[in-house]
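**Student:** Could you put the whole structure together from the sequences, leaning on the hints where they help?
Number of protein chains: 4
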Amino acid sequence: MGPRPSGRSRDAVITCTVLDATLSLGESIGFDRVTMEKVAEVTGVAKTTLYRRWPNAWAILMDAFLAETREMAPLVQKRTVRESFSEDMKLLVQAYSSGRGQMLLRILARAHVDTALMDAVKKRWLEPLQVRGRSIVAWGIASGELQEGPDPDLVLDILYGPVYHRLFFGAEAATASYIDKLISTVFSGLKRRDGAQPKATQSRRPRAPK
Amino acid sequence: MGPRPSGRSRDAVITCTVLDATLSLGESIGFDRVTMEKVAEVTGVAKTTLYRRWPNAWAILMDAFLAETREMAPLVQKRTVRESFSEDMKLLVQAYSSGRGQMLLRILARAHVDTALMDAVKKRWLEPLQVRGRSIVAWGIASGELQEGPDPDLVLDILYGPVYHRLFFGAEAATASYIDKLISTVFSGLKRRDGAQPKATQSRRPRAPK
Amino acid sequence: MGPRPSGRSRDAVITCTVLDATLSLGESIGFDRVTMEKVAEVTGVAKTTLYRRWPNAWAILMDAFLAETREMAPLVQKRTVRESFSEDMKLLVQAYSSGRGQMLLRILARAHVDTALMDAVKKRWLEPLQVRGRSIVAWGIASGELQEGPDPDLVLDILYGPVYHRLFFGAEAATASYIDKLISTVFSGLKRRDGAQPKATQSRRPRAPK
Amino acid sequence: MGPRPSGRSRDAVITCTVLDATLSLGESIGFDRVTMEKVAEVTGVAKTTLYRRWPNAWAILMDAFLAETREMAPLVQKRTVRESFSEDMKLLVQAYSSGRGQMLLRILARAHVDTALMDAVKKRWLEPLQVRGRSIVAWGIASGELQEGPDPDLVLDILYGPVYHRLFFGAEAATASYIDKLISTVFSGLKRRDGAQPKATQSRRPRAPK
DNA sequence: GTATAAACGAGACGGTACGTCAGGTCTTTCT
DNA sequence: AGAAAGACCTGACGTACCGTCTCGTTTATAC
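Protein chains in written order, with numbering that gives the first Met the number 0: chain A, 0 to 209; chain P, 0 to 209; chain Z, 0 to 209; chain W, 0 to 209.
Please keep in mind that the hints were generated in silico from the structure rather than gathered at the bench. Check each hint, because a few of them may be wrong.
Any copy will do: because identical chains look the same in the list, a pair fits if it lies in one copy or spans two.
What the hints assert, rightly or not - Here are the computed lysine to aspartate or glutamate pairs in the EDC-like style, where the Cα-Cα straight-line distance is at most 16 angstroms:
no.: 1; residue 1: 180; residue 2: 86
no.: 2; residue 1: 180; residue 2: 82
no.: 3; residue 1: 180; residue 2: 150
no.: 4; residue 1: 122; residue 2: 62
**Tutor:** Structure (structure tokens):
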């Protein structure tokens, strides 16, 4: 089938060498700061060859990340949806604090400036995760654990959004107890439910922050 | 009082010129791609002078952003906390789709690679917003609209996390109706509350996504 | 034969362009004041390319000088050694007052501060001249025109030293008649030879200059 | 003469400080490489003040050199002119190999590019030496030790030219024995005087060096 | 087998930007 | 008024990477 390419075929060894070397280069000097030039120098592969295969250093990093991360974040199915998410989010947080996770953070950040990278990130990383998440949500709805109303993607946003927000901008990293509280709050809702009235009945409006 | 600086004082005109020019430069060529060199050329200010005042182009952009944004995103106090947040988040989303917002997105992305920038972002942008948000949450708790349990910062994460997540990685931008659904879901909780039982009792486990 | 250089070969056109342009640049703005930046601008050759080939502007100037001067100062063999030197020194003086000569003067001056340049000057300019000079001296000794005693290099120092000294620090430039007198004096010696006695026998000691 | 005004003016202190500091700065980092900026930093004197007094760093160096060198190279009057010159030239060579001498070499080199510096060098250094030299020559002529014919300045060129030539461009430094041979050769002349004929009578012309 | 087509290494090349240094000038404040 | 502190503009420095290119070599498939 497919078009049989004529000419010399690409050296598979080079691919591995480059991906490996790029990872360790990134770990030692920082994932930003990885340049085609340095990769070429470190691996002994000619710059021309690199450019023939990847458009820029971030593309290499993305490939390297995915190659090493196929099995990362495995879906752990627990007894309830809530437990599944709890488990997954804890793994997520843990993963992001590892070297690999830091790498992904850089890639995500860079993606906002590099359209092609963003596309790759979405297609090869975020969407698979989302697909997986959706199936859990669907399971939760089916099992009666979750409300039927909201869009599954919204549910995922609600669950993972805060975690990412914390990872990106939080003062300190998310902890297991943070996630427990998060899930508990999100599941039960922000709204006050019991009949108890607030101590002060008058709706005290806060002072508008200047 | 205060330290009396000796020597020639910094030219205030330069500050304005540079901040203005940097903004419009960024808008025309893209906020990444703004370089010290170009700012110097466009403004006619010497490169050395720029470096004396800012360590790099992102620092200028941050200053420029804040200078223009003091009054942006003013807190609009509505009748209820829920309405206040809804209003604020809609403004937020709208703001982020403007030119200024795109700028902030770049800054936030870049901040993950530039520690000093991240510090500035946190101290000068995120924290003020957070302080404002906390006061609304406090008001909501006091008025009985919100649960007393969760940490105010967690509440803010839950509300804004999904929005940011969507802004950063969503397929399409957040809409007003998205925010309405988000708030509604978050306020009432993900958990199923009515007596209704799930259709299928057998806990159908989803197919693990390969 | 020889080492086959791998990779793209250096563009010969660039070499010529740069050497030519550098010469005329130097003539128009002064040989000091020639900078890599200006050469790059004038020639349209990238700065990086210049630095790949020459460490600094003086190295370009040295190359440019030699390229244009291969045939300059050709040895003119006259009937006697004395005439040969006379002819050569006159040519030398004349050469040094030309644009090219002014250039060499700058190079010689700069060489006292730039070791690499001094090495180049010695190896590629002074030594060839010296070799040529030595052969004339040898001829003079063989023909009986010159004493056998002194070291040939000393003879060259004695002949050319005064000329250079005059070129470097003399109030006015050396003239043909200066050279005639110089050679005549140097050949016959400073010492008084005839039987004539000094007018005043008492050894009048000069007043020590304060 | 008169008693100095009590209370040395501040100006004078600065002058000394700067001259001293410049010298030692030059000795530590190299006399080229001395900049106004560095002098200002080292001495604590404001750049403005430096520029008010000297047009550039070389001018400071020249002043510093002369201030420290008033008594250097003192004229040593010996029994004969020949001995006087011999002594003086040996001192000269020795002086030039000292730190101060290296400094002067740099100044002389730089002077070829800096007219004002060249003027200063000539007026304040070379001419005094020349005046002194002329008086010795005059003494030698008067005493009958030297020929009457040649211009005294030519004699000085002949004597000092070779030494300077050697100092500037010689492979190795001039030694005492070099100077002895130089003087001996110069005094007796290059021309062969005895009746002895060259071994080979045919005027063997040297092979023209290619 | 021998084209032919592509991969590959090496390195030149034109660019853009970097961040720094030094030169001079000018302003401000202090003494 | 003179000195210090320091802002400012100018010009050049030498380097890092970029992405493209030109070569000559190597290796595969296709005729």
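**Student:** Go through the numbered hints given earlier and state which of them the structure violates, listing their numbers in rising order.
**Tutor:** Per hint list: zero violations.
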